[in-house]
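Asks: So you can see what is in the structure, the chains are spelled out below.
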Amino acid sequence: ENSPAPLPERAIYGFALFLGSWFGFILYLIWAYVPETWLFSLGLTYWPQKYWAVALPAYLLVAVGIGYVLLFGINMMSTAPLNSTHTVTDNYAKKQQQKKFQEEAIPALRDIPISEVNRMFFLSEK
Amino acid sequence: MEERRYRSASGVPIALRCLQHSASCRELAVRCPRLQLRSLSAVTSAVWLAAYGLFVLSENSMVLSAAIFFSLIGLIIYLHFVKIDQESLLVIGSLGIQVTSSYASGKESTTFIEMGRVKDVVINEAIHMQKVIYYLCILLQDPGDPQGVSEVVPLFQSSKPRLDCLIEVYKSCQEILEQTKTAPQSN
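Those protein sequence lines, which keep their order, are chains A and B. Counting in full-length UniProt numbering, the first sequence runs from 1 upward without gaps. Counting in full-length UniProt numbering, the second sequence runs from 1 upward without gaps.
It should be emphasised that the hints constitute simulated quantities derived from the structure, not laboratory data. These figures come from a predicted structure and were not determined experimentally. A hint or two may mislead.
If you want the ones that stay clear, here's a sample from chain A, every Cβ over 10 Å from chain B, calculated [stated by the list, open to error]: (1) M77; (2) P113; (3) S115.
Restricting the straight-line Cα-Cα distance to at most 27 Å, the calculated cross-link-like pairs of lysine-lysine (DSSO-like) are [claimed, not checked]: (4) B/K131 to B/K83; (5) A/K95 to B/K181; (6) A/K95 to B/K119; (7) A/K94 to B/K181; (8) B/K119 to A/K100; (9) A/K99 to B/K131; (10) B/K171 to B/K181; (11) B/K119 to B/K181; (12) B/K119 to A/K94; (13) B/K107 to B/K83; (14) B/K131 to B/K181; (15) B/K119 to B/K171.
Chain B side only, calculated, beta carbon under 10 Å to chain A, not exhaustive [what the hints assert, rightly or not]: (16) L64; (17) I68; (18) S71; (19) V122; (20) C137; (21) L139; (22) V149; (23) S150; (24) I167.
We put the CB at the ideal spot given by N, CA and C, even for glycine.
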């Protein structure tokens, strides 16, 4: 039911968004460039200050630039420090059940404790 | 008392020394290179040149004396709190593990962990400052859960040896820890 395939409803939403965004863009251009007196003479007096026609794009571009730095910083902050137990185990590994060992079958997938892994890697090189 | 040369994670040469005091007591010390004269003079000249540039711009001679004062204070703080000369690990079977860091000014800071709290000494890998490094750590036992790990104590944090040095230290520690775990508990 949740496939990403094209559907008639999705085509209609897409076309409505396309028309809406073109309308918004033309409206923004008219508001930014047409002098206030002409707009007042048409009777349209309740517009935001023209200052925002330049301020909003400037704010958006600076926000995008800061977003890069912010994302990098959030990544660094959420990396587990070297002394936390999250580098060694987690909730799923603590609560896993031991499955019985069956002959001639592939062993079940499980999280192997770090002591065992270390012994296998570093102590059995004889 | 041989000393073997290795490299740290960032490439500086470090030296590992193994001392066997008795059958169940071993000391492993990693020595970092001393403060180099060329880096010290480079930093000092850079700071004093910047201060001289500020003096030329502002015509205030306090800038020069402040630069001299702060560079002296900064050097003393660096040697006493930051620059580690040697990190050592003393493993005494059935008693505990002692971790010592000696700073360049002569200060030594020691931590002792008794053997009852130690679950294992392992080589773990983790992400550290856009790199993945191997580091040795002591896993402390969770008192409520025999399989659980309550805390991770990383070792050799400032010298950061590479995997070959860590494997040597790991094998040494595991020999002693095996004796402790298989010997009958007398408590």
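Asks: Does each hint hold? Answer for all of them.
Replies: So, going through the hints one by one against the coordinates:
no.	hint	in the structure
1	M77	12 Å, holds
2	P113	7 Å, violated
3	S115	5 Å, violated
4	B/K131 to B/K83	22 Å, holds
5	A/K95 to B/K181	26 Å, holds
6	A/K95 to B/K119	19 Å, holds
7	A/K94 to B/K181	23 Å, holds
8	B/K119 to A/K100	26 Å, holds
9	A/K99 to B/K131	36 Å, violated
10	B/K171 to B/K181	15 Å, holds
11	B/K119 to B/K181	10 Å, holds
12	B/K119 to A/K94	16 Å, holds
13	B/K107 to B/K83	10 Å, holds
14	B/K131 to B/K181	35 Å, violated
15	B/K119 to B/K171	16 Å, holds
16	L64	36 Å, violated
17	I68	36 Å, violated
18	S71	30 Å, violated
19	V122	5 Å, holds
20	C137	8 Å, holds
21	L139	7 Å, holds
22	V149	5 Å, holds
23	S150	7 Å, holds
24	I167	5 Å, holds
Of the numbered hints given earlier, the model fails hints 2, 3, 9, 14, 16, 17 and 18; all others are met.
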